[in-house]
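2 protein chains.
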Amino acid sequence: MRIEVIATGDELCLGEIVDTNSAFLAQSLGARGLGIARITVVGDGRDEIAAAIRAALERSQVVLVTGGLGPTEDDLTREALADVLGVALQHRPEAEAAIVERLRRPLSEQNRRQTRAPAGATLLANAVGTAPGIRAVRNGASVYVMPGVPHEMRAMFTHHVLPRIIAGRPDGDAFSAVRYLVVHGVPESQLAAKLSGIASAAPEASQSVTVGTRVRSGTIVVRVRTGAPETQTAERLAAAAADEIRSRLGESIAGEGDHGIAYFAARAALDRGLTMAVAESCTGGLVAAGLVRVPGVSASLLESVVAYSNDSKVRRLGVDPGLIERHGAVSAEVARAMAEGVRKASGADIAASVTGIAGPGGGSDQKPVGLAYVASSSRLGTDVVERRFSGERPTVMERAAEATLWMLLREARRKEVRATDTVF
Amino acid sequence: MRIEVIATGDELCLGEIVDTNSAFLAQSLGARGLGIARITVVGDGRDEIAAAIRAALERSQVVLVTGGLGPTEDDLTREALADVLGVALQHRPEAEAAIVERLRRPLSEQNRRQTRAPAGATLLANAVGTAPGIRAVRNGASVYVMPGVPHEMRAMFTHHVLPRIIAGRPDGDAFSAVRYLVVHGVPESQLAAKLSGIASAAPEASQSVTVGTRVRSGTIVVRVRTGAPETQTAERLAAAAADEIRSRLGESIAGEGDHGIAYFAARAALDRGLTMAVAESCTGGLVAAGLVRVPGVSASLLESVVAYSNDSKVRRLGVDPGLIERHGAVSAEVARAMAEGVRKASGADIAASVTGIAGPGGGSDQKPVGLAYVASSSRLGTDVVERRFSGERPTVMERAAEATLWMLLREARRKEVRATDTVF
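Protein sequences appear in the order of chains A and L.
Under this note's numbering, the residues of the first sequence are numbered 1 to 424, in order.
Under this note's numbering, the residues of the second sequence are numbered 1 to 424, in order.
Hints listed in this document are in silico derivations from the structure and should not be mistaken for laboratory results.
Example chain L residues on the side facing chain A (calculated, C-beta under 10 angstroms, incomplete):
1) V41
2) S189
3) A193
4) G290
5) V292
6) R293
7) G361
8) E392
By construction, the Cβ of each residue, glycine as well, lies at the ideal position given by its N, Cα and C atoms.
Sequences are here, hints too, so could you generate the full structure?
Put into structure tokens, the structure is as follows:
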């Protein structure tokens, strides 16, 4: 089954936003062993959208379109789809009823546009917004049009589109499985050598095992993809390859699954029943925000203090002002005092801290932009590391946050080791 | 001049990374009044890449291809381009010399692939990597192939591709100008009515004014794009349209330029010499992280306390435990106490706070997932608003952060008004 995506919107063609909708669709389908053959991004022009849909329907069995269902006059995907199908747009009373129910007021002239759909098309419910989605069939190929607003698109795809795609999957298709392992602290060139041979481990000609890597901040995501005539075989091959990678890389693996380090750090603390606290400076809250994205983390995370000013470091974290004066706010000594300070004040089992120079200003010969000190602390002691990150301000912030989360993850694991030690 | 982009790579079709290269190209071209008509994303397959290049060359005068120039066997853009041109790949001694110079070692078998280019093509120097770029012409249309590694692509595009595109721009082309205004708190359908007529305000047939909107969390970005035979006229039309929108929307405008609310809040505080502090719960640090992304904000932002546990709210922010017991941690009363608490403890001029239920757990009939209370505080008093956000946990976090930044921005503006009041 060949699947294509068409993302519409001038904001994409102007580079104002990156196309996260298509990435979400690719991930969701990939997790079910379905790939996307092509993504086409076009502006808001009716003819351009129609041409893209027409061409995709000729090549593929499933075409997923996002965007252009809003209430304004530059939302023209409905019109473009009607052009492709060679039918007129019709007012749909059930769409009007759903929109009125949602808005709790009579329909405006603008929203009236959203009640229209090509004749003969099926409407798809929008649980979190006004615009209904549209499904139409042409020469045996299906086209699904969904809103461009990410959370509306995600809900509609998950509940109303994906089940239909899976139900329509042909019997003869090869199945595939995907596994991800997240690796930290191993350079990409060394990693390639350590992974050699795994990709050619498929025992039969009808089977395949491929290994890909992708760098994300200071982390590398290893992707194992397998193919086989049955889904169980594909899953088994993927599990075996993941086991082999785990045995080769050991402690450098943050975890399995396409998650960030924050997810693995939060999981490690939650699974071990540890409480956490964070003290941040140059990352401005990104360390805590990463942890808070993980549902249920309130059982572990007590607080994060974004102590941006020196006064806040002293007052909130008990950092000795003399330390800041002697070594500077960006120093190993202050990072250590921040981690220990937030751990003691909060009573958390483990804590991490980071202080650095995100740039573009504030650097010097001794302490250049990108320099950061990261610390982790528990009752067993405090570790501090010095790191240097390149890139612009947001990149330095993200890489420093990732390094801090890695220290927190290591600290959470270390606790487990020590606890076992005491048993014997 | 019609321009298209083709981005290649399995990692894009699998949704493992979002396509930031195409966004960069669109921004760079847009800043020079050039638009991108279409972006096509394909995997690493030679035939799929060739088909995409062939189709784009038939529609457009300039085709920009990124990715697939690496040293490994799944890098097949060179081969695909040769297929399209109907010529063979040839070894290019000047490419070999450049790669050896860069690597400072004899060529490996893998790097040897990077010395090949379609017969008759022009090589483009790569100042920061090994793979040279390629330029070829077919029926008067130009195709440029650049590496997929973002910093290599950016350098090559800026120095070797963009100047050629600009030099090849036909004389008759219209120039365009773009302006952005960021609006908060106005529903999209109401906004459309308020903007009516602006798009048709172009006084002459050779001129155009278009208005587009894009929703980003609780915020709408209004884009004014104008076209005219000369760049000054396009700029003037855009300025006039922006003035008109500003006069119609007044206080609902966060600012001008394609920035987030965090940027405008930080700028407002910095411009007025105000210090800020934040107390966050469900947003987990996103409010502060948004502010910290703005360079120079250390002159204004003192601290943010991510008081995730009740104990932290009491200990760090001085929230009365009785308030939490009577009203719950997610309540107007606690939001008020958090904002006042962090303002007093830090000594900041203005403060904002947020407490809410990000989900998926933790909701109830009285307090559903998505409920949040947002407060802002200054010596003039404290305001609290109740908000309800839909979407999944990360979406609720982002929308709650945006609402908090908006309260902070309003508070920063309000100070200015009051200060003027005292003068008279």
